[in-house]
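Enquirer: Just need the whole structure built from these sequences, with the hints factored in.
Going by the numbering used here, the first residue of the sequence shown is number 1, and it counts up by one from there.
Just so you know, the hints here were simulated from the structure itself, not pulled from any lab data. Take these hints with a grain of salt, some might be off.
Below are the DSS-like pairs computed for lysine-lysine, each with C-alpha atoms no more than 30 angstroms apart in a straight line [said to hold, decoys possible]: (1) K412 with K395; (2) K196 with K322; (3) K396 with K382; (4) K396 with K362; (5) K265 with K297; (6) K372 with K148; (7) K136 with K126; (8) K396 with K406; (9) K196 with K130; (10) K133 with K196; (11) K133 with K144; (12) K412 with K362; (13) K322 with K395; (14) K395 with K362; (15) K144 with K130; (16) K322 with K396; (17) K265 with K279; (18) K148 with K382; (19) K339 with K196; (20) K396 with K412; (21) K144 with K196; (22) K382 with K362; (23) K275 with K265; (24) K372 with K395; (25) K148 with K136; (26) K339 with K395; (27) K148 with K406; (28) K196 with K148.
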Amino acid sequence: MKTPLVLIALLTGFLGCAPSSNIQKSQDLPPVLPSTVSGEQIVSKDTLTKKINVLNAFLKDDNIVNETRMIISTLKNNYEVMREALGTTDTGQPPAHALRDFLSGLEKANDSFISSRASSRDGQRKVIEKLSKETKDIMRLYRKGDTKAVIAGCDSLQTEYGPDAFTIDLTAALALSLAREGRMQEAIALGDAAAKAIKEADEFCDMPDRIKEWKAALNPEQDMSGEPIEQRRLRKILAQAESLSGQGEFDRARELLIAGRDELKDDALLYQIDKALEKVEEQREGFLEERIALISKRGEIIAEARDLISREMPDEALARIKPLDSGGAQPDLELRAVKAEAIEQIISRERNRAARLFLQAKETGDAATREKLLRSSYGTLKGLIEQYPDSPSVKKITENMHAVQKEMAAIKSSPINKP
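Expert: Below, the structure is given as structure tokens:
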């Protein structure tokens, strides 16, 4: 859609052809125009031709909306009439009636422009209202548990408005609906995006507490919960810091406590913050000592894991090396090799299990039992891809899944199963 600035430029620029006196409605103009200063020509045919050419160039643009096209056409017609009128006089001046008609045409173009701007604003408001209503309708469907309708509604919303129309809660509702319909890969992708957006909005999570504080500030004599505001704030800070420390996020826990210290003024509460800071440092030291102890036993743990793998106990091997697998920026190559070996052994075991189910399905004569066995085989293979997407065996697993799908399709197309 072309910007209305184009029309503003056209309308203001083309008014330069008229005398500098105020433009009036055609019926208010005097019957005889005042003569120009020293007989200068008001406008020439060449000037009008250039302006007409500019308008023709605009009209060739297919992206111009109809309202704009009509206004430009009105301007163009007025210039063409004025140019023809100049050819009917010997003085080179336009006749009074031609000039009146020209100014009247400009006024109509100006009115059309103002009307189109108002119409555009109305259209934008209606789009926003429609989007808001459709979003609320989809959320009502989600609360009713109609996952299929939620997915269909979101597909329609994306087609009409694009992905930017999705709010955080709508994205989360769609991800949960997809998961309930078994579309796990799509659910994971959307769920990750929603979780990231929610995490980025953590600063707003304590808004209810903040509102209570603001209400209390407006009316200090009325206590909303019976608990002092600073005491309630301290309790929340300590709980968040404890949670972060439990996840190994010691630096974030420390930053939170220091920021909380700047908010509080009561000495007794500040003392609790200081004690919490000491506790975080103790937990950090304990964590580091535990890591050092694990590292010192690293060789022993890896040897035990390799022994478990050799005895075809890959699940136990993964559990044994899990304390060493911190997922840090500096990967332990030997540890990764042991982990990969255990994973491939699990994949091999599960693929063999899926293959046995597949063979049992081909050997059975009962169509219902065959389909049940094939679905179990397919589910086993699909679970491997979802759990170990980076495994080098993914290609082989995918080929196995295609073979199972082909056999399932053959069952559905069999004459025995047709009504």
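Enquirer: In ascending order, which of the hints set out earlier in this document are inconsistent with the structure?
Expert: 5
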